[in-house]
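Asker: Here's the letter readout for the chains.
Number of protein chains: 2
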Amino acid sequence: MADDKGFTLWFTGLSGAGKTTISKIVEEQLRERGSKVEVLDGDVVRENLSKGLGFSKEDRDTNIRRIAFVADLLSRNGVPVITAAISPYREIRDEARGVMGDRFIEVYVKASVEVCAERDVKGLYEKAFRGEIKEFTGVSDPYEPPLNPELTLDTEQDSAEEDAAKVLTLLEERQLIPAAQPA
Amino acid sequence: MADDKGFTLWFTGLSGAGKTTISKIVEEQLRERGSKVEVLDGDVVRENLSKGLGFSKEDRDTNIRRIAFVADLLSRNGVPVITAAISPYREIRDEARGVMGDRFIEVYVKASVEVCAERDVKGLYEKAFRGEIKEFTGVSDPYEPPLNPELTLDTEQDSAEEDAAKVLTLLEERQLIPAAQPA
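As they're listed, the protein sequences go chains V and A. Residue numbering for the first sequence is 1 to 183, as defined by my numbering. Residue numbering for the second sequence is 1001 to 1183, as defined by my numbering.
Read the hints as simulated data drawn from the structure, not as lab findings. Just so we're clear, the structure is a prediction, and the values are computed from it rather than from any experiment. The reader is advised that the hints may include incorrect statements.
Lysine-lysine pairs mimicking DSBU-like chemistry, simulated, CA-CA at most 30 Å apart [to be verified]: (1) V:5 <-> A:1127; (2) V:5 <-> A:1057; (3) A:1051 <-> V:57; (4) V:51 <-> A:1166; (5) V:51 <-> A:1057; (6) A:1005 <-> V:24; (7) V:24 <-> V:134.
Computed footprint of chain V on chain A, listed as stretches where at least three residues anywhere in the stretch have a Cβ under 8 Å from a Cβ of chain V [claimed, not checked]: (8) 1051-1065; (9) 1068-1079.
Glycine included, C-beta positions come from ideal geometry on N, C-alpha and C.
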């Protein structure tokens, strides 16, 4: 097999939209196909690269730039990367796109604040609505959806498995991974 | 050619000992042999991963842990990495070794404070001796040399080219890179 082709699946969306869930399924399926892959999840990155940073615009931007720096290092060496951080600001996502060029694949993981709040996987929305968490994206802090993402996943409509399949199909179409073998 | 074997050449030594100079030569020679390689230089990392961190023990440790996190991500995916940060504390270097296991190759880039101060490539030692820089490794902050590094490079005795050759020889002996073709 030829060298792996590096790329970065840049998931963006609200807390609870499904970024981590879908990224885990895509990760698993890439590994099943014999591909390398690294997931830079928002929480993992905050622990390992950005401890001490808060959630001001400046600190969020710094966090996202670090994720982009690492995703670029990996993807330019042929390693597929999935980032799964909220990354609320369009300008900084576009900056990441500028760094990685056509290795950058923006995936908008879309669900409304209302639906994410109903799910409230981590119990954060309730706290945010009560004002106990400040600068909470979608509640008390902005989220700027992508204008022209490579892929939009509507997690209010689709299951996580369906959305993961859409990601894999896009990667196949772009010849970034080999087509799945017929069963 | 088989998959590249990932490893991390972890250079450690005083400012001015020769870490960056030797790492650039090794980088060039690895590329000439068709190998991937990424250099995580101390200054580059401080700019891209650790802006805002100072030089207290705690901040230095955080900086080194971030370098180790990224070096591990790359090397476990088959990408050779050279880190070239002072990394003065033995405990945190050993922690990095613990993370990377036998992918971790510690290279002590050795020169005395006196010789580094004579070279004073960046004019920092003069300022440190005048007390204008606090927490300067080897002057007003500790440096703990490795007790059992995989390789020691004596840059008071050898040229940078000789030291780079020693690194390449070690990598060949460990079968991490193919032997050089005879001319």
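Asker: Are the hints correct? Go through all of them and say.
Answerer: Going through the hints against the structure:
no.	hint	verdict
1	V:5 <-> A:1127	violated, 47 Å
2	V:5 <-> A:1057	violated, 39 Å
3	A:1051 <-> V:57	holds, 16 Å
4	V:51 <-> A:1166	violated, 37 Å
5	V:51 <-> A:1057	holds, 16 Å
6	A:1005 <-> V:24	holds, 26 Å
7	V:24 <-> V:134	holds, 28 Å
8	1051-1065	holds (count 4)
9	1068-1079	holds (count 7)
Checked against the numbered hints given earlier, the structure breaks hints 1, 2 and 4 and satisfies all the rest.
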